[in-house]
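Asker: Residue strings, one per chain:
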Amino acid sequence: MGLKVKLDHVDKKILENILRIRLSQMVVNEEYKAGKFKIPIHLSLGHESLAVAVDAVMRDDDRLLLTHRNVAYNLARERALSPILREYCLEGDGLGRAALGSMNLMNPKRGIIYTSSILGNNFPVAAGVAFQRKNNNPEAITIVLGGDGSIEEGSFYESVLMARTLRLPLLILIENNDWSLATRICERRCDFSLKKLADSFSLRFDEFLGNDPFEYIEKLEDLKSYALKNEEPVLIQAHVATLGDWRLQVPEHPDGKFINYHAGPTPSVELKHSALLKTSNDDPVFVISKYFNENELERMTKELITQIQYEIR
Amino acid sequence: MKYVELINKKICEEISRHEDLVLFGQNISAGSCLGGLTKNIPIQGGRKIINSTNSENSLVGFGFGLMLEGGSSIFFMKQLDFLFLGIDHIVNTYNIIRNTNKGKSSSFTIMPVIIDSGYQGPQSSSNNLADICSMARVSGYVINNIHDAKEIISNHLVSPGFRIIGVSQRLFQKEIIDFGEQVYTGGGGGFFQYTKGRHASIVCFNFSLSQGMELLEAMKNNNFSASLFSVNTCTKINWKSILDDIALTGRLVVMDDSKGSNILLDAFLVDVNAVSGCKKTVIMRRNIDDNWLNPIADEVVFDNEQIISDLWRD
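Protein chains in written order, with the working numbering: chain A, 1 to 313; chain B, 1 to 314.
Calculated directly from the structure, the hints in this document are not laboratory data.
Every residue gets a Cβ at the ideal spot worked out from N, C-alpha and C, and that includes glycine.
Calculated pairs, DSSO-like style, for lysine-lysine (alpha carbon to alpha carbon, straight line, at most 30 Å):
| id | chain 1 | residue 1 | chain 2 | residue 2 |
| --- | --- | --- | --- | --- |
| 1 | B | Lys102 | A | Lys134 |
| 2 | B | Lys102 | A | Lys109 |
| 3 | A | Lys13 | A | Lys109 |
| 4 | B | Lys48 | A | Lys109 |
| 5 | A | Lys134 | B | Lys39 |
Restraint ranges, calculated between C-beta atoms of paired labels, are given here:
| id | chain 1 | residue 1 | chain 2 | residue 2 | range |
| --- | --- | --- | --- | --- | --- |
| 6 | A | Phe258 | B | Tyr119 | 54 to 62 Å |
| 7 | B | Asn54 | A | Asn136 | 23 to 31 Å |
| 8 | A | Leu248 | B | Asn99 | 35 to 43 Å |
| 9 | A | Pro267 | B | Asn294 | 57 to 65 Å |
| 10 | A | Lys302 | B | Pro160 | 47 to 55 Å |
| 11 | B | Tyr119 | A | Leu248 | 53 to 61 Å |
| 12 | B | Met135 | A | Glu152 | 21 to 29 Å |
| 13 | B | Ala267 | A | Ala34 | 41 to 49 Å |
Can you make the complete structure from the sequences, with help from the hints?
Answerer: Encoded structure:
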């Protein structure tokens, strides 16, 4: 039996947001499998806790710069699937008016000021945004996302150097899912310590593990305050698992060839009655399930599926 | 007055008209200040000067980030070659900005000193700004003399949008070319006409105006008068006035000192071919021979007598 925690209005909203984003992505996946999209979409199943935590700490005048894997963040900020889905279908009344697709989907009204499909491209842009914000709105934070692949680009190092030198209140949030396309870190490069890199710049560093959204929110609030008060960037490495892997049946692999999820529809995810994909802390839905009894989670899931399907009808 | 002194003066005048500019680049207010280009830039008011890191990719991205947030800036830099490091942003980041409504009222200008003074070896001497502008489909200008300096700096150094304005290191310490009055300015500072002649049209691209002036003088000595044009834009524009002049004179010399393979002169010639009445065209490109990667003088010298002979040879 799961623990029942005190679910005040705010806490329940956080859990509901995570579920809603998960289910919305599963709906997108179903549409994708049905061949509804011409554009490439990189789902972010497994990134929901982080996305909801970032959303929770953002004020109206904060800024967020994203990567091609932005679905969870756009869903978190927009709080609705329909405008995003219409954009994916390149309809003129979609969130980006059919001008952005998925990889560059941004939402300036909700603080997502820039989204780049070029690895590492958004780091220097974030430095420029943070510099201008510092002068015009010193209480606003700028948050930039990257992946473990993007920190291999020279622009990452240059931007950390620039942000530190110019004393920019900037949260650099690296989602480390271990994969860049089809290679793990150990297959494509030596490992290195982001903490030591941060130390070498005298930067505060933090590591996010375990997908508990409340822990992430608390940490992010603290890091945001630190960055603003000290006028310096903060480097965060968040360990995530991008869910949706599957096995491809080929003669050479009797058990099926392991395919890590990178982009497109995933055949291993089906929208039925449960949002759970993995029974481990890799899955934010598994992590938050401990806050519900079984019936409550199932009930909320059904309600949300109905709401989402009504929204996009 | 020297070329660099005049440009510096115009830059300072223009900057002083705008509050809240961010001016950045390596050593822009230290040492020689880019050979005098950025000396004494006014920093009163809300303007900020940053002697930046050596991070051209990020510096270009930084400028676009400022633009997204409504800030205007100028990135001063030395060596066009370093700008290759920022091509991702010039192409990809700017594509995002101009595809949305963010940052459209802000200005971002990159001003590289193009090292065309020679003896640099296989690197550090790229002078084909038009290639970069073509790849990214962005506006670009080169400054040759007092007239285009005034026009280009006052109209384009700080104005909504993005552009690259190149200056020539080779010209830095030379007396600024001053025709007195130019005949015609076209294309928003994209090209200038300095003389009007009857016998030939001379059209100079990139930084080849001084070679064009030498040819003009040689033609005068042979009792020919020529119209002299300098094309300062790095991308194709409407050059109707030039084409009209070619239709009248019937003879064209076109020259370009760029090192690239596809140069703006070629795009111009496509339009010239559509002009009726052009009896003869002489095309003068930079000679790329076997030692072009070595530390050589990098000068462009044309045989004017041969040009004149070719122009009137049937």
